[in-house]
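Student: Here's the letter readout for the chains.
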Amino acid sequence: MNDDSPLTALATYFGLLSLIAVGGAVTAIPDMHRYAVETVHWLNDRQFTDSFAIAQLSPGPNVMIVALIGYHVAGLAGAAVATAAMCGPTCVVAYFAAQTWNKFKAARWRIALQAALVPVSLGLIGASAFVLARAADKNIAAALVTVATVVVAVFTRISPLWLFAVAGLLGLSGWL
Amino acid sequence: MTDLAEPDSTLVRPSLTELFLAFAHIAVSGFGGALPWARRMIVERKRWMTAEEFNEDFALSQFLPGPNVVNFSVVFGARIAGAPGAAVAFLGLMGPPMVIVTIIAVLYAHYGDLEVLSRILSGVGAAAAGLIIAMTIKMAKPLFTQIGWPAAIAILAFIGVGLVRWPLLPVLAVLAPAAFVLAWLFPAGSVKR
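Here the protein sequences come in this chain order: L and B. The opening position of the first sequence corresponds to residue 0 in numbering that gives the first Met the number 0, with each subsequent residue numbered one higher. The opening position of the second sequence corresponds to residue 0 in numbering that gives the first Met the number 0, with each subsequent residue numbered one higher.
Worth flagging that the hints you see were computed from the coordinates, not collected in a lab. Virtual Cβ for every residue (Gly too), placed ideally from N, Cα, C. Errors might be hidden in some of the hints.
Unchecked claim - Covered, in the sense of this in silico footprint (three residues per stretch, anywhere, with C-beta under 8 Å from a C-beta of chain B), are these stretches of chain L: (1) 3–12; (2) 60–70; (3) 91–98; (4) 149–158; (5) 163–171.
Isolated chain B, as found in the complex (with noise of 0.2 Å):
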């Protein structure tokens, strides 16, 4: 009976069809970012991973470069099954919206000179910059409740993408490395969760 408390003897593995379904599932469903949907499908309703080792992977998923939700199906494919289940999730993740997508693109190069449509278009735009704003303005709050060299950095690279418009290359050449100086010397002037 003690091995029911364990968290570990609850989770299942799943078979190769079984995480490409999920990461379908899971693409399909994901309006606005995926990641919700990644949680609860493969946290509380299959159980393959616990708590923590979701957040971990996900971690990680999210320090490195490219799409968070994209990186996180290829780490957690090749922790459940190696290579073979790398590529599964990813095709599951990128399969499906994939196929919607370029249905859409096919229709918007039809009817995207419509009157009707643009002005949806121009709504539905203006609303999504605003959930972008909010983005930034929730993960600023953790940031910038002590004056420190995040916000100087978040600031800096703010300024030379957002309003000096120069290539994010350049921009990430040099803020990065000095980002990574700093966060070595002063570990305290770091987000505070």
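Only chain L is shown next, with the shape it has when bound in the complex (with noise of 0.2 Å):
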């Protein structure tokens, strides 16, 4: 394997990214359409989100959108080492943080750390909300659809699953 090889892009790239989702895999999604669409051109936008909305469709982690950006770019060698890279360092951040973190339950730096981090993931999860939208939203019946289910889905405890199968009949009918 050589250095330009695709599965070593795909590794380093989730690799790190795995690093600093903080808060989720949701929070890293404007950072790999801006690396995977924008940058290295893996996939176009609506590639990008088609693939979001796959992982959204099939059961399992969000995180799954990683696998198949990977897929996209390499075929199942891609699938396995993107999504490998994305849980790998954080799973071994997490086996050593389950054996000491609660040992420091009451630290000040602890609390404060916890603290901090929240208002940074909202405003990344703002982020993602946008670049989906806007790359998701590319006309007045599309925009149309997404504000309705932002009010459904903050109003009522509706199954996304309900909502996933409205939309996707409504652009089937060629509405949007």
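Two chains, each in its own frame: build the complex with the hints.
Tutor: Spelled out as structure tokens, the structure:
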């Protein structure tokens, strides 16, 4: 495997992302879009939003979008390498943190660290929402679907699957 | 009889196989986030940990970088059975969805250009973006009830990564230490629940 092999690129990028994605996989979406779509052109805007939609539609953790991007770049090996890189480093950190974290329950630095990362994650999830909406809402009708989903999701407890079903049917009908 | 009133006495200890199966089940039941399923399975149905322990482990998983549920599987697996437990829970969580998503990826590579599929996905994509906006709004409510540093940090992170499209790493390198110092100096500005 040489240095510009796509697998090396996937492993390097997602391995780093794994360690800086504070607040979960969703906070890493804007950076994935920036890098995969705008910088290295692994996939185009539509393929990116499709991948996100597929990851949301499939059972399992949201991080599965990483497997889809990896598959796009280098087939099955790409999917495996990207997913392993996105999970591996953080799993090691989690394993060691699990042993020690609770010893510092009352430590001031731990309380401050936790309090500090909540607003950072929130801002990043907001950025994620913005990037995804801009990529997905190519016309007024699609934007209306997004707005309607926001309203329903904020004010009711309807399962996201129903929202996806309705939105998918609207798309199928050619209305979008 | 008094023993029964103790919440801990009702806790059971799973075997590695049970651990694998439970996380596989959590993984394939969880549409749009696996957390609620994890809680239902581990706390309510299997009684493998108390609600309090669950919250503690989950808070840690959320705080750590990387996918939350993945972290949770490792933290929980390690608590139950050390390194083998962590590995088994992780494989249970990731294995089945990985197989499903790979199949979908192959299908998408073949049929992604089909008009029908692209129409459906454009609808789902618009709704999926809406769900993340809704998630942002729900999370922002407790943080924006008062004007303080947390709101300012959140807005700066949004502008830097969302609007200006700076890479995540430099934005974090500036904002995370700044937020830490602010949280240290003004703990009252932290989130009220």
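Student: Are the hints correct? Go through all of them and say.
Tutor: Checked hints:
{"no.": "1", "hint": "3–12", "in the structure": "violated (count 0)"}
{"no.": "2", "hint": "60–70", "in the structure": "holds (count 7)"}
{"no.": "3", "hint": "91–98", "in the structure": "holds (count 6)"}
{"no.": "4", "hint": "149–158", "in the structure": "holds (count 4)"}
{"no.": "5", "hint": "163–171", "in the structure": "holds (count 8)"}
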